[in-house]
Amino acid sequence: MKRNRTRGLLALLAVLALLAGACSSRDDDGGGESTGGGEGGEGSEEVADAYGVEDCISDPTAEIEGDTLKLVSSYPQSGLTGAFAEIARGWATRFDEANADGGVDFAGTTVQIEYEDKDDEYNPQKSAANIEELVGANGDGAFAVFSVVGTANNISIRDFLDELCVPDVFAATGSVAWGNPEYPWLIGSTLSPYTLEAQAFADYLKENQPDAKVAMLRQSDEFGTTYEEGFKQAIEGTDIELVAIEEYAVGSDQVASQVTALAASGADAFFNGGTLLACPNALTAKDAEGWEATTWVSGTCISKTLMGLAGAAGDDVLSLTNLKDPLNPEYAEDPAMTDFFAAVEEYQPEFKGRELDLDNAIIAYGYAQADLFIQALEAAESPSRLGLMESIKNLDGVTTPLAHEGITFTTGDGDAYMGESFVLVQYDAAAAHFEEISDVIDFEGQTADLTPEELITA
Amino acid sequence: MSRRNLRIVVGVLVAAALLYAPYYFQPAMNQTLSRAIYFAVAAMGLNLLTGFNGQVSIGHGAFFGVGAFTTAILMNDHGWSFELTIPMAALVAAALGVGVGIPALRVKGLYLALVTLGLAVLFPRVGQKFVEGQGGVAIIRPKRSGFDSLLTFLENDQWHYVESLLIAAVLFLGAWNLSRSRIGRAMVAVRDQEVAASTVGVHLARVKVGAFALSAAYAGVAGSLSVMVDRAADATDPIVTFRNSIEFLVAVVIGGTATITGPAVGALILILLRRETDGLIEGKEMLSPAIFGGALIAMVYVLPGGVVGGLRKLADRLLPLRDDPTAPVAAAALEPEAVAAAEVSASTSDLHHQGEP
Amino acid sequence: MDVDLFLRFLLNGIGNGAVYGAMALALVLIFRTTGLLNLAQGEMALFSTYMGWGLTATGMTIFGLQVLPGGLPVGLAIVVSVLISAVLGAAIERFLIRPVHGPDKSPLNVLIVMLGLFLGLNALAQLAFSDDAEPMPKPWPSKASPGSPTGSNRFWQVGDLRIQASIVAMVVMLAVVCLLLYVLFQRTKVGLKLRAVASNPESARLVGINSSRMLMLGWAMAAGLGALAGCFVAAERTSVNPGLMAVVLVYASAAAALGGFDSPVGAVVGGMIVAIAESMTVGYVKALSTIELVVPFGLILLVLLVRPTGLFGKRTVERV
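Quick note, the sequences are listed as chains A, B and C, same order.
Numbers 3 to 460, taken from this note's numbering, label the letters of the first sequence in order.
Numbers 11 to 367, taken from this note's numbering, label the letters of the second sequence in order.
Numbers -5 to 314, taken from this note's numbering, label the letters of the third sequence in order.
Derived from the structure by calculation, the hints contain no laboratory data.
A hint or two may mislead.
[As the list claims (entries may be wrong)] Using 30 Å as the maximum straight-line C-alpha spacing, the simulated DSSO-like pairs for lysine-lysine come out as follows:
#, chain 1, residue 1, chain 2, residue 2
1, A, 215, C, 308
2, A, 120, B, 153
3, C, 280, A, 234
4, B, 139, A, 234
5, A, 215, B, 139
6, C, 137, A, 306
Generate the whole structure from the sequences, applying the supplied hints.
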């Protein structure tokens, strides 16, 4: 009896302690970074209009105060998609490196880049909560939002950031929605827009298999719709035919029966629009069916882990990329690659307690995004949010050491897509990496034309 | 001090703290508290069904989601103001509740739990298939201005808190009244002795389906409030509906099954526990669900009657009822839920021990 | 109708059905002795599956101490994992479930403990072994192929049909499990005691059966069976990953409900029905694509409306 009472009291105390710990006084928490104060930008009125500067809650023309530029991000760090955290290891490395080199010259102000992030487990609502907390209701908490992972996750923060006029840059998916002119404060990364993947596969077939019958596996969301609509548009007026489409639910990796149905369609080409584990599972199922078909895998599937799981079932599949693959022995001696390896080992060998695997291509992806961001800062005309955004939206043929030879990134009026040039790659299962099989293919400025408009403005 | 006075003092203190909280805390904390409030409403709904009526549901996340999408769609596509959408959310969720409640007349115990589990797993998939949200994803975010504070002296975060609190207070009072009413007693009777209840004239079908509908309506309102607090109705995450479903249940049980204050206490503990364990250890994010799971187990061990049950026991010891000779009667009259709580452990055993008569 | 295609969908269904059936059997084993639906069954199996993988790979080290060896051949790894899992399952029953479980205790508390396990074990599996998708070696004949860590599937060609070794292996696994359970329950003393505890715990106690030991045994068998099913399904889908078993558990619970929670036969039949219905829906009902889960749950609802204890269930639900 007596013991029970003590237990009860202990539990009560624990609850109270928890409450006390969770509470922080409304008065003792100051705002974070401040960006207010500057007297306004010198950009033309036209530019200001395009960005809706008049209606901004914070003043995007205000010049940065102090010598730190704070970036915030939200991405999965635990759960099924926790491996995406490796992207952040890449960009954190590049920013640390820049800081160690004395900082970045942002239109005359030398700044150190500070970053903070939170785990969202890939849940869009959590991303929204994270970003709203990090950025703050008045935008005082951060200068810009960087490399949030996931399409729905970026969609869920874009209204909030648009009203504040806080840049959301290098959104880490290839959604075509990043070109929506209604959201001028949002821009994607070097990942190729999904419609260009569809276009690239269609073009490959036109050349090598002009009367191909194509079967497609797609996810039941906007990611799948973009592949489907993009591919349909790309094969218009050709002899290529899309003979079967199967959908699988987001988050599911059970696609065997879908692949059985596709294989039975008699198709001789396979667009595998599966992502995460659905992608290798579809390849394994295709192999089990004994289905011979020229196969394309989503650009989101070219990771070491996923293709490693597919193994021989992934032999010869096609995809695209615009960055150098750390797994490719061709780049073992490449100075860009060795510098990058050295930087990661120096600055982020123990990122968030995760084991370091330098071969993981998404670290290189993160590093490249950060490098382009730094270049955009250096090219900006004014050290303000508007200045940053204008600079990223007017990249003129810039490149980064980890990009393939000949790849450039260009954005401009009405073109918010960076990853419009790429090379085709083909998987070599025995060597366990992708080989480049084409010269640079350039769709510069064409994404909007190759994409059904309702997908962009959805 | 008598039990009754203690209740009044504690009640006043808690009410004062609840009202003062939004002025004391930062916006982020207010949002967390608002989240705890809508969680409490959903948990209360589940408590009406599971605690008072004995029907277990691990699918209330679906009713919650239906409420959220009703509100978001009405606001976005039909220009309704937020407050008007709340009763609609309740109605739509209740209708779905009736739809599940009717087969539940035949399907009981574990089997019912299973069917509701199916509901939770299916909801996001149906959402993804049929909801065309912004950017083509199954997420609908009404404009921020739709939720602006109607009281000019309150900031938005404070307003969201106050509005949620008011609605929750009304719903909790409603549940309290219901539990003391004839219908409430009928619900408990059906839970404890279904056959006996029907022989004394309780209309089984009406009570059980009604409990389902009401319970779903509460969850629907909670979903509606969540659109204000989180500003999104979201079906993109395939596991979130299931997670919500089990967390509502967790809130009910750790707070105190078949009590009125239990779900609120449970929801608050749950939300704060999750907030505190999230990102607790840099680089070992995986530890937080482990700690969270361990904490749940520990709570059930230490407080098998939930926090409210534990507090009652504590009060029993510190303030023996003999202080006040009329207290047992008065307490029983004042706290039907206390009586119900005393009964719950014995009675809900039919949830698992469906042994022969 | 294309018969060949129909058979291919059927084979897909049978392969999954064996897995769902095995997991449903595990649920039934626990239900029969304790009257509980073990929601943590899937994550217990996930932990075991990661352990099975770990035993073939690097083993397990805690603070630099090698707790489990690595590099075992897959068959041995699965056996070791099954045995360790059985011990862990018994321990879970003894130390976590029993204190909150009993005729005079709220079953909701047991539910919370199981949910705690559900959340905790998934995380622990990731902490202890890996938080990534890991290639699971196949415990059935496979052919080595370049770039495949686990080799690719062997199959037998029958007419136009390919019969995969994986499907045969899973069906054999399930058949062996069923046989062992049959022998155990019908031909041994322990089985008799288990049945006695399942059908009437009170009388079982009166005739001197140590029912608490039987409960532990029930959990141990369920955990071991989960380990087996988990390792097989991981090998069939080429990888073990943190989300693997949650979905399997949903289908397995549906299978158990369909068959009747107290019926081992029902579990196996239910597993097959659920899985075949699923693959046929994917194959032939386009309107339900991505929501094919509607079908098993619709089936359950229909069956339960007619037979409230499932297809093969016996226990009455009414309690007076």
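Here is how each hint holds up against the structure:
1. Simply put, residue 215 of chain A and residue 308 of chain C have alpha-carbon atoms about 53 Å apart, too far for the 30 Å limit, and the pair is violated.
2. Using a Cα cut-off of 30 Å, the hinted pair residue 120 of chain A and residue 153 of chain B holds, with the two alpha carbons roughly 25 Å apart.
3. For the hint pairing residue 280 of chain C with residue 234 of chain A, the CA-to-CA distance comes to about 20 Å; that is within 30 Å, so the pair holds.
4. Taking the CA atoms of residue 139 of chain B and residue 234 of chain A, the gap is near 20 Å; set against the 30 Å cutoff, the hint holds.
5. For the given pair, residue 215 of chain A sits about 26 Å from residue 139 of chain B by alpha-carbon distance, which is consistent with the 30 Å threshold.
6. Among the hinted pairs, residue 137 of chain C with residue 306 of chain A is consistent with the structure: their alpha-carbon atoms are about 22 Å apart, no more than 30 Å.
Hint 1 from the list above is the single one not met by this structure.
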